[in-house]
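Please arrange chain B on chain A, whose structure you already have, making use of the hints.
Residue-level listing of the chains:
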Amino acid sequence: MFDRRLITHFNWPYLLLILMISAIGIANLFSATSSWSTAVQPVYLKQLYWLGLGLLIVAMICVFDYRHLEYLSFPLYGCNLLLLILVLIIGRTSMGATRWISLAGISVQPSELMKIMIILALARYFSEKEHLRGFSLRELIIPGLMLGVPALLIMKQPDLGTALLVLCIGGTMALFAGVQRSAIAFLTLSGLASVCGGWFLLHDYQKQRILTFLNPERDPLGAGYHIIQSKIAVGSGGFSGLGFMKGTQSQLSFLPERHTDFAFSVFAEEWGLTGCLLLLALYCLIVVWGMHIALRANDRFGMYLAIGVSAMLFWHIVVNLGMVIGLLPVVGVPLPLFSYGGTSMVTTMIGVGVLINVGMRRFMF
Amino acid sequence: MSLNPSPDETPGLRRRFIISSLIVAGIFFILALRLWYLQILGVDHYRALSERNRIRYVAIDAPRGTIFDRHGALLVDNRPAFTVSVLRQEIDDREQLFHSLEKLLEIDDEQFEERWQAGQGLPRYRPLPLLEDIGRQAMEKIQENSVDLPGILVEVKPFRSYPHGDMAAHLFGYLGEVDEEELRQTEFTSYRSGEMVGKTALERMFEERLRGTSGQKRIEVNVRGRELRQVTTRNPLPGQRLYLTIDIGLQKVAEEALGTNAGAVVALDVNSGEVLAFVSRPTFDPALFARGISGDEWRDLIDNPQHPMTNKVLRGQYPPGSTFKMVVALAALETGSVTPSTKFQCDGRIKLGSYEFRCWKKNGHGSVDLHKAIKESCDVWFYRAGLEAGIDRIASAAQRFGLGESTGFPFGGERSGLIPTREWKKKRFGTSWYDGETVNTSIGQGFVLTTPLQLATMTAALANGGTVWRPQIVQKTVNLEGETDWIFKPEKLMQTAWPAESLQAVQKGMEAVVNDVGGTAWRSRLKNVRFAGKTGTAQVVRRKSDEEEKLQKDDEIPYQYRDHALFVSYAPTDNPQIAVAVVVEHGGHGSSVAAPIASAIFEAYFPAVKSDAQQKIASGD
Chain A
37 MFDRRLITHF NWPYLLLILM ISAIGIANLF SATSSWSTAV QPVYLKQLYW
87 LGLGLLIVAM ICVFDYRHLE YLSFPLYGCN LLLLILVLII GRTSMGATRW
137 ISLAGISVQP SELMKIMIIL ALARYFSEKE HLRGFSLREL IIPGLMLGVP
187 ALLIMKQPDL GTALLVLCIG GTMALFAGVQ RSAIAFLTLS GLASVCGGWF
237 LLHDYQKQRI LTFLNPERDP LGAGYHIIQS KIAVGSGGFS GLGFMKGTQS
287 QLSFLPERHT DFAFSVFAEE WGLTGCLLLL ALYCLIVVWG MHIALRANDR
337 FGMYLAIGVS AMLFWHIVVN LGMVIGLLPV VGVPLPLFSY GGTSMVTTMI
387 GVGVLINVGM RRFMF
Chain B
1263 MSLNPSPDET PGLRRRFIIS SLIVAGIFFI LALRLWYLQI LGVDHYRALS
1313 ERNRIRYVAI DAPRGTIFDR HGALLVDNRP AFTVSVLRQE IDDREQLFHS
1363 LEKLLEIDDE QFEERWQAGQ GLPRYRPLPL LEDIGRQAME KIQENSVDLP
1413 GILVEVKPFR SYPHGDMAAH LFGYLGEVDE EELRQTEFTS YRSGEMVGKT
1463 ALERMFEERL RGTSGQKRIE VNVRGRELRQ VTTRNPLPGQ RLYLTIDIGL
1513 QKVAEEALGT NAGAVVALDV NSGEVLAFVS RPTFDPALFA RGISGDEWRD
1563 LIDNPQHPMT NKVLRGQYPP GSTFKMVVAL AALETGSVTP STKFQCDGRI
1613 KLGSYEFRCW KKNGHGSVDL HKAIKESCDV WFYRAGLEAG IDRIASAAQR
1663 FGLGESTGFP FGGERSGLIP TREWKKKRFG TSWYDGETVN TSIGQGFVLT
1713 TPLQLATMTA ALANGGTVWR PQIVQKTVNL EGETDWIFKP EKLMQTAWPA
1763 ESLQAVQKGM EAVVNDVGGT AWRSRLKNVR FAGKTGTAQV VRRKSDEEEK
1813 LQKDDEIPYQ YRDHALFVSY APTDNPQIAV AVVVEHGGHG SSVAAPIASA
1863 IFEAYFPAVK SDAQQKIASG D
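So the protein sequences, as listed, match chains A and B.
Numbering-wise, the working numbering puts 219 at position 183 of the first sequence, and it's gapless, one number per residue.
Numbering-wise, the working numbering puts 1473 at position 211 of the second sequence, and it's gapless, one number per residue.
Source of the hints: derived by calculation from the structure; they are not laboratory data.
Pairs of lysine to any residue, SDA-like flavour, derived with a Cα cap of 25 angstroms:
{"no.": "1", "chain 1": "A", "residue 1": "Lys-282", "chain 2": "B", "residue 2": "Tyr-1299"}
{"no.": "2", "chain 1": "A", "residue 1": "Lys-282", "chain 2": "B", "residue 2": "Ala-1310"}
{"no.": "3", "chain 1": "A", "residue 1": "Lys-282", "chain 2": "B", "residue 2": "Trp-1298"}
{"no.": "4", "chain 1": "A", "residue 1": "Lys-282", "chain 2": "B", "residue 2": "Val-1483"}
{"no.": "5", "chain 1": "B", "residue 1": "Lys-1623", "chain 2": "B", "residue 2": "Val-1779"}
{"no.": "6", "chain 1": "A", "residue 1": "Lys-165", "chain 2": "B", "residue 2": "Arg-1278"}
{"no.": "7", "chain 1": "A", "residue 1": "Lys-282", "chain 2": "B", "residue 2": "Tyr-1319"}
{"no.": "8", "chain 1": "A", "residue 1": "Lys-282", "chain 2": "B", "residue 2": "Arg-1318"}
Chain A regions said to be covered by chain B (calculated; three or more residues, Cβ under 8 angstroms):
{"no.": "9", "segment": "262-270"}
{"no.": "10", "segment": "283-292"}
A short list of chain B residues far from chain A (calculated; beta carbon distances all over 10 angstroms):
{"no.": "11", "residue": "Gly-1477"}
{"no.": "12", "residue": "Arg-1677"}
{"no.": "13", "residue": "Asn-1741"}
{"no.": "14", "residue": "Lys-1754"}
Note that the coordinates shown come from a computational prediction; the quantities given were computed from them, not determined experimentally.
Where a beta carbon is used, it is the ideal one built from N, C-alpha and C, also for glycine.
One chain only, chain A, in its complex shape (with noise of 0.2 angstroms):
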């Protein structure tokens, strides 16, 4: 099974680019928690821990051919979308929401596991289906209903976040796939009609956040005080920073969920617009280079697999990167290889993974 040119051919730089990355992130936590008690184990070693977990979750998805995925796809998406039931049953609940199932003494987020799943399932899907003007709305149904389904059960959770990028993953890859003019009209029309209606539907702390994001000021120090404090930290990091471990919005803990969601303002303000600038280069490069993987790959499944990794990493980055510029909404959506977190880090390695893989197997047949 294994095989020499597993090394040879296997992307160096591209999972350079993604330690460099982790290595900033990582730095950027030690920055963010140092005001923190000793006494527990530090965030960034805990962040040390799981980068380490994920490499090996890239070597070990590396070793396999991508292939065999094919025939596994739609039975493993299949067992999340049960998972994602089970979650509403016997999940466990905190902070009103209810996200953690409990499997063999180990605790799983099936929302994050099925960002995975449904690039499978619909890579598959896409690279069986093919028509050459586009998909029609009638066409559209299936998937359409592959993605609604988890979507659906993940904003009962209720995660917003997560269901927006499923959504918006599945989305890239239909677009990818080609969809006909009128049925992205009928789309975008029925969206915004569902938005409006939508809104009724919407738990109160999401009114909330949305009304805040329009107008941070009507609550500064509630719903609004994380937006106004993550600008204040952006903002005053000017051109070249306050210097590593200077910031005062962070170090000073005005700053929530600075070493989370919030890690790129800690980031922002310590390093100035120039390190923004470098970091925003090296995020923009691992997007466009999973594309070019999705480009080069040896097959459909594997064009649409990377298509759906670039995709997943893309809408993290620009969801995440927009909340905390002030550009997009307050929605919990962490910042790979950037804020701390175990599901986030194994999520994107598995996608790192898997793009690694379409890429070095491009030659083979």
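Only chain B this time, still in chain A's reference frame:
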């Protein structure tokens, strides 16, 4: 092996990739543009907001100026006091917080909630004091448990302290938080709410000099308001030091001599009007006010029938009784028809129409001249002399001794007393003056009212030959650099050239009161110094009839109807230095109650051996 064909077979795929790469780059460009907008265009704005987050400017209270006596003994000081304050912005559950505070400090029923409510109008980041002046132990307890008491902090503030307890409290006055009404006045524009301000007496009068200039510190705080770093940007400047004319040793003697009696004692420098002792009792503990007095404590003071909050030296108005007789004598001598050797027969009473006015001595003093009249305080002699002089001449003489008008003592609230005239009575009652009223006035009863301070200035003028000095309490103020900023110069209110023989006759009479057998204060005479004086017993209610007098002994008379005991005096007789006025409210007789108090002061003031006394005088004390 593959289930599906190669992607290259899909037409237009490359174009689709190029377009989507451009879209990705475009969106990243928008993010970059937004960062440029925030970090380059908005940097000043956001840095200012960031600063506002973490920087607090907090005023540092300046220690108030300290107060010293004439010899430099410290009378009023400052000490650091620990105050427990709360940062309201940090508190979610204040009931729980109050509960744990009470448990920690082992106190209960503290009015935390009340104070919280009272502070609602202040900014939420401003520490709100909950408990003032906790001990060091309690402070340490709170510091140790600070993790469990988020939002609670211990502040150090300078508090007034009084090394001599309640001594001379009426002189110092007290502090209180500047109130809403004061804050609206222009004179208080530089005050912060919650700041302490002098409310009465010296603290009030010298507020501007005592206050000092508060400092400022710049504090960097974290999101919980915890202080992380602090930079003092401006040091507080303590207020000016006040040097009083008071001699604390003498003050102490005077306070102890008055003891538990209610009343007032004033000692003045005869030749400058400097106040050497200033006693009003009962008094209050100014330290209560330094930390903020509680409602119960305040009510206790206000409800006390002996009025501890009233400054009796300035605001107590008493009939002078027989201490007024020197004035009447001088007024009578001015007529020329009465001379020091003029004799009147005292049969214990005089008749005026259908009215009868009695002498205190029922059987009469027999033939009495001025000397004997003062020495034995014969009322009849003064009835006659008063009638000779007439009310307007008496009033004129009294006014030349500074009576009937406030002395211009620098504190607010000084009373002017009352010297009745015909004109005054007409205006006040619309009736004309009766001779009977002149008779009453002649022994310091009737309408006449004086304050203890007036009695002291009057006695000083009798001793120094007719100069009424403005009583002065502050010698000088000294600023931070140790320079004298403001200095008191003796101020003559008025000067009267009394005929020497008249004045001497009166002075000799006063000397006899103390030093001759049969003088009313003979029992209070001293070995170390020869002093002169005059006793007085002022009636609170009308003179009793013979029958009533037989029925009641002094200690059976209800307190509030007992006579006031007075004594005015100066010493030494040959070269007067110090004048003392004593009023003991409802004390009984001037000779038995008031005179010994003055005597005790003189005994302490003048050293046992006379040559030492001369030295002391020579050195200017």
